[in-house]
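**Q** One letter stands for each residue in the lines below.
2 protein chains.
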Amino acid sequence: MHQLDNKLPDSGADDILLVPAADIYDDNGVLRGSFLAHIGAAIADRDTLALERDVASLHQSEIGHLLEALLPDQRRALVELMGAAFDFTALTEVDDAIRMDIVDHLPNEQIAQAVQDLDSDDAVYILEDLDAEDRDEILAQLPFTERIRLRRALDYPEETAGRRMQTEFVAVPPFWTVGQTIDYMREDQNLPESFSQIFVIDPTFRLLGAIDLDRILRTKRVVKIEDIMHETRHAVPATMDQEEAAQIFEQYDLLSAAVVDENERLVGVLTIDDVVDVIQEEAEEDLMRLGGVGDEELSDSVLVASRSRIPWLLVNLVMAFVAASVIGLFDATIQQIVALAILMPIVAGMGGNAGSQTMTVTVRALATKDIDIYNAGRIIRREMGVGLLNGMIFATLIGLVAGSWFADPELGGIIAVSMAINLFVAALAGILVPLTLDRFGADPAVASAVFVTTITDVVGFFTFLGLATWWFGFL
Amino acid sequence: MHQLDNKLPDSGADDILLVPAADIYDDNGVLRGSFLAHIGAAIADRDTLALERDVASLHQSEIGHLLEALLPDQRRALVELMGAAFDFTALTEVDDAIRMDIVDHLPNEQIAQAVQDLDSDDAVYILEDLDAEDRDEILAQLPFTERIRLRRALDYPEETAGRRMQTEFVAVPPFWTVGQTIDYMREDQNLPESFSQIFVIDPTFRLLGAIDLDRILRTKRVVKIEDIMHETRHAVPATMDQEEAAQIFEQYDLLSAAVVDENERLVGVLTIDDVVDVIQEEAEEDLMRLGGVGDEELSDSVLVASRSRIPWLLVNLVMAFVAASVIGLFDATIQQIVALAILMPIVAGMGGNAGSQTMTVTVRALATKDIDIYNAGRIIRREMGVGLLNGMIFATLIGLVAGSWFADPELGGIIAVSMAINLFVAALAGILVPLTLDRFGADPAVASAVFVTTITDVVGFFTFLGLATWWFGFL
Numbered sequence: 001m002h003q004l005d006n007k008l009p010d011s012g013a014d015d016i017l018l019v020p021a022a023d024i025y026d027d028n029g030v031l032r033g034s035f036l037a038h039i040g041a042a043i044a045d046r047d048t049l050a051l052e053r054d055v056a057s058l059h060q061s062e063i064g065h066l067l068e069a070l071l072p073d074q075r076r077a078l079v080e081l082m083g084a085a086f087d088f089t090a091l092t093e094v095d096d097a098i099r100m101d102i103v104d105h106l107p108n109e110q111i112a113q114a115v116q117d118l119d120s121d122d123a124v125y126i127l128e129d130l131d132a133e134d135r136d137e138i139l140a141q142l143p144f145t146e147r148i149r150l151r152r153a154l155d156y157p158e159e160t161a162g163r164r165m166q167t168e169f170v171a172v173p174p175f176w177t178v179g180q181t182i183d184y185m186r187e188d189q190n191l192p193e194s195f196s197q198i199f200v201i202d203p204t205f206r207l208l209g210a211i212d213l214d215r216i217l218r219t220k221r222v223v224k225i226e227d228i229m230h231e232t233r234h235a236v237p238a239t240m241d242q243e244e245a246a247q248i249f250e251q252y253d254l255l256s257a258a259v260v261d262e263n264e265r266l267v268g269v270l271t272i273d274d275v276v277d278v279i280q281e282e283a284e285e286d287l288m289r290l291g292g293v294g295d296e297e298l299s300d301s302v303l304v305a306s307r308s309r310i311p312w313l314l315v316n317l318v319m320a321f322v323a324a325s326v327i328g329l330f331d332a333t334i335q336q337i338v339a340l341a342i343l344m345p346i347v348a349g350m351g352g353n354a355g356s357q358t359m360t361v362t363v364r365a366l367a368t369k370d371i372d373i374y375n376a377g378r379i380i381r382r383e384m385g386v387g388l389l390n391g392m393i394f395a396t397l398i399g400l401v402a403g404s405w406f407a408d409p410e411l412g413g414i415i416a417v418s419m420a421i422n423l424f425v426a427a428l429a430g431i432l433v434p435l436t437l438d439r440f441g442a443d444p445a446v447a448s449a450v451f452v453t454t455i456t457d458v459v460g461f462f463t464f465l466g467l468a469t470w471w472f473g474f475l
Numbered sequence: 001m002h003q004l005d006n007k008l009p010d011s012g013a014d015d016i017l018l019v020p021a022a023d024i025y026d027d028n029g030v031l032r033g034s035f036l037a038h039i040g041a042a043i044a045d046r047d048t049l050a051l052e053r054d055v056a057s058l059h060q061s062e063i064g065h066l067l068e069a070l071l072p073d074q075r076r077a078l079v080e081l082m083g084a085a086f087d088f089t090a091l092t093e094v095d096d097a098i099r100m101d102i103v104d105h106l107p108n109e110q111i112a113q114a115v116q117d118l119d120s121d122d123a124v125y126i127l128e129d130l131d132a133e134d135r136d137e138i139l140a141q142l143p144f145t146e147r148i149r150l151r152r153a154l155d156y157p158e159e160t161a162g163r164r165m166q167t168e169f170v171a172v173p174p175f176w177t178v179g180q181t182i183d184y185m186r187e188d189q190n191l192p193e194s195f196s197q198i199f200v201i202d203p204t205f206r207l208l209g210a211i212d213l214d215r216i217l218r219t220k221r222v223v224k225i226e227d228i229m230h231e232t233r234h235a236v237p238a239t240m241d242q243e244e245a246a247q248i249f250e251q252y253d254l255l256s257a258a259v260v261d262e263n264e265r266l267v268g269v270l271t272i273d274d275v276v277d278v279i280q281e282e283a284e285e286d287l288m289r290l291g292g293v294g295d296e297e298l299s300d301s302v303l304v305a306s307r308s309r310i311p312w313l314l315v316n317l318v319m320a321f322v323a324a325s326v327i328g329l330f331d332a333t334i335q336q337i338v339a340l341a342i343l344m345p346i347v348a349g350m351g352g353n354a355g356s357q358t359m360t361v362t363v364r365a366l367a368t369k370d371i372d373i374y375n376a377g378r379i380i381r382r383e384m385g386v387g388l389l390n391g392m393i394f395a396t397l398i399g400l401v402a403g404s405w406f407a408d409p410e411l412g413g414i415i416a417v418s419m420a421i422n423l424f425v426a427a428l429a430g431i432l433v434p435l436t437l438d439r440f441g442a443d444p445a446v447a448s449a450v451f452v453t454t455i456t457d458v459v460g461f462f463t464f465l466g467l468a469t470w471w472f473g474f475l
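Chains as they are written, first to last, in UniProt numbering: chain A, 1 to 475; chain B, 1 to 475.
Quick caveat, the hints were computed from the structure, so don't treat them as lab data. Since the model is a prediction, treat every value here as computed from it, not as a measurement. There could be a bad hint or two in this list.
Chain copies aren't distinguished; within one or between two, either way the pair holds.
[Said to hold, decoys possible] Computed cross-link-like contacts, EDC-like style, restricted to lysine to aspartate or glutamate with a CA-CA straight-line distance of at most 20 Å:
{"hint": "1", "residue 1": "369", "residue 2": "253"}
{"hint": "2", "residue 1": "224", "residue 2": "295"}
{"hint": "3", "residue 1": "220", "residue 2": "80"}
{"hint": "4", "residue 1": "224", "residue 2": "146"}
{"hint": "5", "residue 1": "224", "residue 2": "129"}
{"hint": "6", "residue 1": "220", "residue 2": "183"}
{"hint": "7", "residue 1": "224", "residue 2": "47"}
{"hint": "8", "residue 1": "369", "residue 2": "23"}
{"hint": "9", "residue 1": "369", "residue 2": "243"}
{"hint": "10", "residue 1": "369", "residue 2": "241"}
Bound conformation, chain A alone (with noise of 0.2 Å):
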């Protein structure tokens, strides 16, 4: 009998010890040094066996993790000696560059062998990378069926449920009952490898309903399927963005959903690990958007990762000059009180930082729509609420600190006005620049950081040194 704490199963017929998948990691959840010193000598080694043996056996996620932390030769090597033994859904499991990396150097033979043993997700992941050359050739070694089914999610485009969707699914007529259906999956030898929903079609595959197994398991034999099916109610049109697709399985919360096609034909079935993918890429992509970086991977080149932040830093610099600009109208007057130029760039800092605060919560807001026609009003008038009160408190922060750092009252009261104008203004762009970009069809998290902080800073700056021009005079 298998135990829990049995982590070393009993391997049967051959007598080769399986290394326990958790021990290849330590107990920060990195890989073991000693463990990738080991694979690396038998690469080296060229010692097929002890591949075969230690790194077969693992779950694809491990081999991912494995690939990123060898050196470039030595992935390629592990893959090469390996040949069939190695599980190529672990290159769904590594970045774009590292795949594209080893796709490059194997044969196209190799590749079209291991993708027909890839569930379809897997395949066309693997597939759609490649130059359509490349691909061609490889589909053109496929068997028919395979062929179809790979190339109709290939047709779909680029982050599209189609695209993510597999086609290999379990459906039945509905005059079948329970038992037949039962009788069917366990002598179809051709099934998904796994699956927790079967569909309910008609003879020209028209998606009429799915049921869910436990369901299945739960009824007598005798009951016909179509008694027992739910509607779909949330089949997926294969041409719907994957993102969109997401936000239906968070909140219906669904383990995986039908891909129909512009006919309600049922073409495939998205699960729920490549949407949590999904979701994760897309939470991803709202914070590097708003720290000003691209689609960037950690294996980019040095080249590749300046050229992608460029565009940013080139915009925040076309809004730098627009802002010292601003201070350039108040030339004369910090010449006469170089105190304005060393407070200056608190005034405008602490609006820009104010400003970022409550852009982050709106673009956040935003990306999982939490925020509407009906609660927009009420937070934007919270917003200025709070840019209020924080502004008032900084104000007098401010005002008694600088006042008595120069021993200048006035200079201290003209720092608290304009740093109370500033975060007030910082509230109310961190609100409206975010939502008037999402308004007009913008990405409020590519955009918003720089029209703040731009807003921010020459408000800042002209309302301190305006005042203080005014005030002492120099006008």
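For this one, chain A is given, so just place chain B on it according to the hints.
**A** Here is chain B on its own, set in the frame of chain A:
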């Protein structure tokens, strides 16, 4: 026969026309104003029948959206009017503040009645935020087994797998056959509402293994359970942090996982829908922390939101004074050349932007464990390369523009050199600050931004003003 496009299901004996769910949202996924007005009118008229007809048929998440769109008085009236027809799982879909408000206004008897119908994870979600007195009173009114189950989950600390688990599960002994298991599921009335896995246990509830439902359906009736179960390598200790548990789900593409106590006895099951929520929360947390906001919710009041944002602004204010005092060192130089005051925010600001790009990439990579001892060195070198390259590009650019703006090539040269230095320092700070914080057990998302911008401000002001002072001979 049901059809996909038949949105109005035949309601059978009772002649109630169901509101088709898809129709409550407009094309942007926002609740329709007409629907909201209709429900608002029904609440005002205390039209219980209309509410039961049009709200009770909605999915819990749709009722959640409805509650969030209603005014506080309307929400409480809706729950009160619907009584037992109100689906309490909808309360797990709304902001904490809204849930607390509704629950606080309900009699404990009604809550006790309602949570009995819920899955235990939903019941715990609603009970955990109540004050201890109310919670005890509600628990006291529950049947014995229900009470024990909920107590067990509530005894585990917040944000652990034990808190999030569902205590209803299907478990069978290893010597049963597939046929016996299916018969048991057909007859037992106390099965959980839905499940995707059954567990195998010994008489003391020790976990022996698990079987996915599709595996059961594919296997002949005579086969023994112990022959098809797989070892549950991924059983989750009840005390494990929910984020760690979510990472296991993600890595191994799990739909559900057994939760075990310290004696490896099965106490519950963690399901992917709860995990998806955890993944969302954790991604959101990083984004919010980088933006300087804590665990704020959209429904928080002005006072709550204001207070939660003050600490970050305060730390930034202190740091801004540090940067300002660096400018103060060079007041004599600024008085001679006011152009320096005009240009210095550009040098500091561009450093801040470049630093936050690197920092964003690093914080995200740390959160997803994509950065470790194997690639840290390579990534640090890459960021230094990017800093050097972009530093040179933007140094050239700003040198030319600033030099011609003030018709002073020497000033152009000085700003170019300080820009190159500051962008290189920004890259270093952007990667080393989060890595160091993480090394010492601090959350890099919380504190990185303040450190990085302080470093780029100080270095930007110091190199630019210092170089100018030295070059133009004011020392």
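**Q** Determine for every hint whether it applies to the structure shown.
**A** The hints, checked one at a time:
In the homo-oligomer, the alpha carbons of residue 369 and residue 253 lie at most 20 Å apart inside one protomer (17 Å), although the nearest pairing across protomers, at 26 Å, exceeds that limit. In this assembly of identical chains, residue 224 and residue 295 lie within 20 Å of each other by CA distance neither inside one copy nor across copies; the values are 50 Å within and 50 Å between. For a Cα distance limit of 20 Å, the shortest separation of residue 220 from residue 80 qualifies neither inside one copy, at 51 Å, nor across copies, at 39 Å. In this assembly of identical chains, the alpha carbons of residue 224 and residue 146 never lie at most 20 Å apart, being 32 Å within a copy and 34 Å across copies at closest.
For a Cα distance limit of 20 Å, the shortest separation of residue 224 from residue 129 qualifies neither inside one copy, at 44 Å, nor across copies, at 45 Å. Within a single copy, residue 220 and residue 183 get their C-alpha atoms as close as 13 Å, and across copies as close as 9 Å, so both meet the 20 Å cut-off. In this assembly of identical chains, the alpha carbons of residue 224 and residue 47 never lie at most 20 Å apart, being 56 Å within a copy and 39 Å across copies at closest. In the homo-oligomer, the alpha carbons of residue 369 and residue 23 lie at most 20 Å apart only across protomers (18 Å), although the nearest pairing inside one protomer, at 42 Å, exceeds that limit.
For a Cα distance limit of 20 Å, the shortest separation of residue 369 from residue 243 inside one copy, 12 Å, qualifies, whereas the shortest one across copies, 23 Å, does not. Only within a single protomer do residue 369 and residue 241 lie at most 20 Å apart by alpha-carbon distance; the minimum there is 16 Å, versus 28 Å between protomers.
In this structure, the earlier hints numbered 2, 3, 4, 5 and 7 are contradicted, and the remaining ones agree with it.
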